[in-house]
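Chains as they are written, first to last, in my numbering: chain A, 1 to 265; chain B, 266 to 362.
Hint data in this document are derived by calculation from the structure and do not stem from the laboratory.
Incorrect hints may appear among the rest.
[As the list claims (entries may be wrong)] Okay, the calculated beta carbon distance ranges per label pair:
| # | chain 1 | residue 1 | chain 2 | residue 2 | range |
| --- | --- | --- | --- | --- | --- |
| 1 | A | Pro202 | B | Leu286 | 18 to 24 angstroms |
| 2 | B | Lys335 | A | Arg178 | 34 to 40 angstroms |
| 3 | A | Glu213 | B | Arg312 | 30 to 36 angstroms |
| 4 | A | Trp265 | B | Pro323 | 41 to 47 angstroms |
| 5 | A | Thr210 | B | Pro274 | 45 to 51 angstroms |
| 6 | B | Arg312 | A | Glu52 | 48 to 54 angstroms |
[Said to hold, decoys possible] Some residues of chain B that are not near chain A, with every Cβ distance over 10 angstroms (derived):
| # | residue |
| --- | --- |
| 7 | Glu277 |
| 8 | Val280 |
| 9 | Ser282 |
| 10 | Arg283 |
| 11 | Thr289 |
| 12 | Leu294 |
| 13 | Asp308 |
| 14 | Ser328 |
| 15 | Ser330 |
| 16 | Ser331 |
| 17 | Tyr353 |
All figures in this text were calculated on a predicted structure; none of them were measured in a lab.
For every residue, glycine included, the Cβ atom is placed at its ideal position computed from N, Cα and C.
If you want the building blocks of each chain, they are given just below.
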Amino acid sequence: MKPVPTAQAPATADSAAAAPAPAGSLARDVAAAAPALALGDDALVLSHRLGEWAGHAPVLEEEVALANIALDLLGQARVLLSLAGDEDELAYLREERAFRNCQLVEQPNGDFAHTIARQLYFSTYQELLYGQLASGGSPLAPLAAKAVKEVAYHRDHAEQWTLRLGDGTEESHERIQRGLTALWRFTGELFEPVPGLDVDLPALHDAWTTRIESVLTRATLTVPEGPSRGAWTAGAGRQGLHTEPFGRMLAEMQHLHRSHPGATW
Amino acid sequence: PTAKPTDWPLWEVFVRSRRGLSHTHAGSLHAPDAEMALRNARDLYTRRSEGISIWVVPSAAISASSPDEKDSFFEPAADKPYRHPTFYEIPDGVQHL
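With the rest of the complex left out, here is chain A (with noise of 0.2 angstroms):
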């Protein structure tokens, strides 16, 4: 797979779902406008850091499922931002302080082990929330439907690498927990509350604490301590606020796209 989606990124074919039409860059429904980008860049962000890990995976089986979770991801993203507006515009054109993901799935790779906390936090996440959507009635309902059929097995596979790795030698023990610990500050963000989103997120926190605690137990793991929430963590990235890793990583997304504008692909 190509590591940088494109229009022609083969991601619908068993993904989420068609892309629907974008109607130039104006926003086919206004009220979906804002979750989507959230949404939106979050699928999108993730997709490309797993799409880095092409290449570089343990093993060839692991390859592959990084490389499909990217895919469902990057279908997501394109349903997501076609709401918005016009997907590539959104992807490549943007300036950074327009990217509205959380600061979770913008930070770099790390070793496989930070990887997988990464995962774990973030897949949980949109477990829940895409649960919550599906049941509402909001525009992004169906999508969420579709969505959360990949975002559990994606969870999954998370969990499986968390015990794994946990529950492994002593030094990926340690691994995964200093990724679990290094990326604890991140996960508070992610229940700050999304204007015009169908979900209540604050009252997600609860459920997804008890989920990780759960599998960090069985993984012979310690829930980390420390703020998830407050000063010195992680909360502006929906307002466009970002790490700086991630301005790097755009640049490498959008480099082709801002060298040839307009060109057709």
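Given the coordinates of chain A, assemble chain B onto it according to the supplied hints.
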């Protein structure tokens, strides 16, 4: 690549498609245990179509017939027509023979 071969043994994958009647050998893969083998098989061989069934078997658990014994194993006794009951007339009204 750094994993020892013994940590990631070979598994054979059998898949039954949604409308399929039987499991068919789809290929093989490496995995540390059955659970991971199932998940890898799902990614590699099923493209996640729903309503299908996957079997994974450690390759070591499969006994295969030997190619050297092929003749004695499989050569049909073609010159003994009584072993091939093709000459029966099928009575009328038998529907599912």
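Please check whether the beta-carbon of Ser331/B is more than 10 angstroms away from every beta-carbon in chain A.
Per Cβ check, Ser331/B is outside 10 angstroms of chain A; nearest 30 angstroms; holds.
Within 48 to 54 angstroms or not, the Cβ separation of Arg312/B and Glu52/A?
23 angstroms, violated
Minimum Cβ distance from Glu277/B to chain A greater than 10 angstroms, as the annotation requires
14 angstroms, holds
Any Cβ of chain A at or closer than 10 angstroms to Ser330/B, or is the non-interface label fine?
At about 29 angstroms from chain A, Ser330/B clears the 10 angstroms cut-off, so the statement holds.
Is it the case that Arg283/B keeps its Cβ farther than 10 angstroms from each residue Cβ in chain A?
Given a closest Cβ separation of 15 angstroms, the condition holds.
Determine whether the non-interface label on Ser328/B survives the test: each CB of chain A must be over 10 angstroms from its CB.
The assertion about Ser328/B holds, with a minimum of 25 angstroms to chain A.
Could you check that no beta carbon of chain A comes within 10 angstroms of the beta carbon of Ser282/B?
15 angstroms, holds
Test the statement that Val280/B is away from the interface with chain A: the closest C-beta pair must be farther apart than 10 angstroms.
16 angstroms, holds
Was Thr289/B rightly flagged as not at the interface, with every chain A Cβ beyond 10 angstroms?
20 angstroms, holds
Between the beta carbons of Thr210/A and Pro274/B, is the distance compatible with 45 to 51 angstroms?
36 angstroms, violated
Could you say whether the range 34 to 40 angstroms given as a hint is met by the Cβ separation of Lys335/B and Arg178/A?
Violated: the Cβ-Cβ distance is about 56 angstroms, outside 34 to 40 angstroms.
Run the C-beta distances from Tyr353/B to all of chain A and say if the shortest one exceeds 10 angstroms.
Holds: least Cβ distance 49 angstroms, greater than 10 angstroms.
Taken one by one, the earlier hints fail for this structure at numbers 1, 2, 5, 6, 12, 13, listed in ascending order.
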